[in-house]
Amino acid sequence: MTLTHLNARGEAHMVDVADKQETRREARACGMIRMAPETLALLAEGGLPKGDVLATARIAGIQAAKRTHELIPLCHALALSKVTVEFTLDVVQSCVHVEANCRLNGRTGVEMEALTAVSVACLTLYDMCKAVDKAMTIEAVRLEEKRGGRSGDWSREAVAAPAVAPASTPLDPVTRQPASPVVTVRFLAELRERLGREQHDLPWARIEQADIAGIKRALIAEDEVFSLLAERRVLAACNQVMVDDGTRVRAGDEVAFFPPVTGG
Numbered sequence: 017m018t019l020t021h022l023n024a025r026g027e028a029h030m031v032d033v034a035d036k037q038e039t040r041r042e043a044r045a046c047g048m049i050r051m052a053p054e055t056l057a058l059l060a061e062g063g064l065p066k067g068d069v070l071a072t073a074r075i076a077g078i079q080a081a082k083r084t085h086e087l088i089p090l091c092h093a094l095a096l097s098k099v100t101v102e103f104t105l106d107v108v109q110s111c112v113h114v115e116a117n118c119r120l121n122g123r124t125g126v127e128m129e130a131l132t133a134v135s136v137a138c139l140t141l142y143d144m145c146k147a148v149d150k151a152m153t154i155e156a157v158r159l160e161e162k163r164g165g166r167s168g169d170w171s172r173e174a175v176a177a178p179a180v181a182p183a184s185t186p187l188d189p190v191t192r193q194p195a196s197p198v199v200t201v202r203f204l205a206e207l208r209e210r211l212g213r214e215q216h217d218l219p220w221a222r223i224e225q226a227d228i229a230g231i232k233r234a235l236i237a238e239d240e241v242f243s244l245l246a247e248r249r250v251l252a253a254c255n256q257v258m259v260d261d262g263t264r265v266r267a268g269d270e271v272a273f274f275p276p277v278t279g280g
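Residue 218 in this note's numbering is what sits at position 202 of the sequence shown, and the numbering runs on without skipping anything.
Source of the hints: derived by calculation from the structure; they are not laboratory data.
Watch out, some of these pointers could steer you wrong.
Derived SDA-like pairs (lysine to any residue); straight-line CA-CA distance at most 25 Å [unchecked claim]: (1) Lys66 - Thr104; (2) Lys66 - Arg119; (3) Lys82 - Ser135; (4) Lys150 - Glu102; (5) Lys82 - Arg158; (6) Lys150 - His113; (7) Lys82 - Lys150; (8) Lys146 - Val157; (9) Lys98 - Cys46; (10) Lys146 - Met258; (11) Lys82 - Gly168; (12) Lys66 - Gln79; (13) Lys82 - Glu38; (14) Lys66 - Thr153; (15) Lys66 - Asp143; (16) Lys150 - Gly62; (17) Lys66 - Arg50; (18) Lys150 - Thr104; (19) Lys98 - Arg40; (20) Lys66 - Phe103; (21) Lys98 - Arg166; (22) Lys150 - Arg233; (23) Lys150 - Glu161; (24) Lys82 - Ala52; (25) Lys146 - Pro53; (26) Lys150 - Pro65; (27) Lys150 - Pro275; (28) Lys66 - Leu251; (29) Lys82 - Asp149; (30) Lys82 - Pro65; (31) Lys66 - Asp149; (32) Lys82 - Glu161; (33) Lys150 - Pro53; (34) Lys150 - Arg50; (35) Lys98 - Ser171; (36) Lys150 - Ala71; (37) Lys82 - Ser110.
Let the hints inform the model, and build the full structure from the sequences given.
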């Protein structure tokens, strides 16, 4: 394997792509910025002093992708046909996940553009939130997949996934029969203190409506102590992603309930 940005004398140079065939090129990159739970709650509620944080970070990421050649010395100036930057608020890990997708029809790939979009979006999130949280950290900026070009398609998931045998249905430790499916419900921060418990396994068979609202109703029907989940200020996450009452759930999911400002 050779490094294409080094010539025969070991000097850095821009790769000549004039003779390459023009094809559809795509790349997806991800990263995250960790912050205090209180900061994440302010971001979710739109309570940060600089205004619409996510909208600003999205524009910054798109602009950065378009100007990557001005930041990375040996990158080509590319006519990108599409750039998207998306955010996912993760309450359990207290972070914002950032994902960028870039696409064009051209002679060179867009991996650097996707990585630059993620990096600058994360930096913008830091700038927008630093007034209340200077301890934030930007982590795990990485390429997830690329498509097209002479080297073909590449996926981190395909490379990293180990060959494992299909998981068998878990057995009940007492009856040794297949265990009934459940939804794992977690209670965070103030709710954990008020309920006196951190986790509850809700049998799937007791859930009449397979969404967050149905989870709440099933819990309240099981024990009136859960009636506090009906309070309007209670927020929810499913599999570490913030959701609303209408979000669908499946057996085996993990649902977390928490107040707007969490402390742990």
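Okay, the hints, checked on the actual structure:
1. Lys66 - Thr104: 20 Å, holds
2. Lys66 - Arg119: 31 Å, violated
3. Lys82 - Ser135: Holds: Lys82 and Ser135 sit about 13 Å apart, inside 25 Å.
4. Lys150 - Glu102: Satisfied, since the Cα-Cα distance of roughly 23 Å is no more than 25 Å.
5. Lys82 - Arg158: 18 Å, holds
6. Lys150 - His113: Satisfied, since the Cα-Cα distance of roughly 18 Å is no more than 25 Å.
7. Lys82 - Lys150: 28 Å, violated
8. Lys146 - Val157: 20 Å, holds
9. Lys98 - Cys46: 16 Å, holds
10. Lys146 - Met258: 22 Å, holds
11. Lys82 - Gly168: 23 Å, holds
12. Lys66 - Gln79: 19 Å, holds
13. Lys82 - Glu38: 19 Å, holds
14. Lys66 - Thr153: 19 Å, holds
15. Lys66 - Asp143: 9 Å, holds
16. Lys150 - Gly62: Distance ~18 Å between Lys150 and Gly62 Cα, so the pair holds.
17. Lys66 - Arg50: This hinted pair holds, its Cα atoms lying about 19 Å apart.
18. Lys150 - Thr104: Between Lys150 and Thr104 the Cα gap is close to 21 Å, so the pair holds against 25 Å.
19. Lys98 - Arg40: 11 Å, holds
20. Lys66 - Phe103: Roughly 18 Å separates the two Cα atoms, so the pair holds.
21. Lys98 - Arg166: 21 Å, holds
22. Lys150 - Arg233: Judged against 25 Å, a Cα distance of about 40 Å means the pair is violated.
23. Lys150 - Glu161: 32 Å, violated
24. Lys82 - Ala52: Answer violated: Lys82 to Ala52 is near 31 Å, above 25 Å.
25. Lys146 - Pro53: Distance of about 14 Å is within 25 Å: holds.
26. Lys150 - Pro65: The given pair, whose Cα atoms are some 14 Å apart, holds under the 25 Å limit.
27. Lys150 - Pro275: Given that 25 Å is the threshold and the Cα spacing comes to 23 Å, the pair holds.
28. Lys66 - Leu251: 23 Å, holds
29. Lys82 - Asp149: 29 Å, violated
30. Lys82 - Pro65: 28 Å, violated
31. Lys66 - Asp149: 13 Å, holds
32. Lys82 - Glu161: 19 Å, holds
33. Lys150 - Pro53: 13 Å, holds
34. Lys150 - Arg50: Holds. Lys150 to Arg50 sits at ~11 Å (cutoff 25 Å).
35. Lys98 - Ser171: Holds - the C-alpha atoms of Ser171 and Lys98 are around 20 Å apart, at most 25 Å.
36. Lys150 - Ala71: 21 Å, holds
37. Lys82 - Ser110: Distance ~30 Å between Lys82 and Ser110 Cα, so the pair is violated.
Hints 2, 7, 22, 23, 24, 29, 30, 37 from the list above are not met by this structure, while the remaining hints are.
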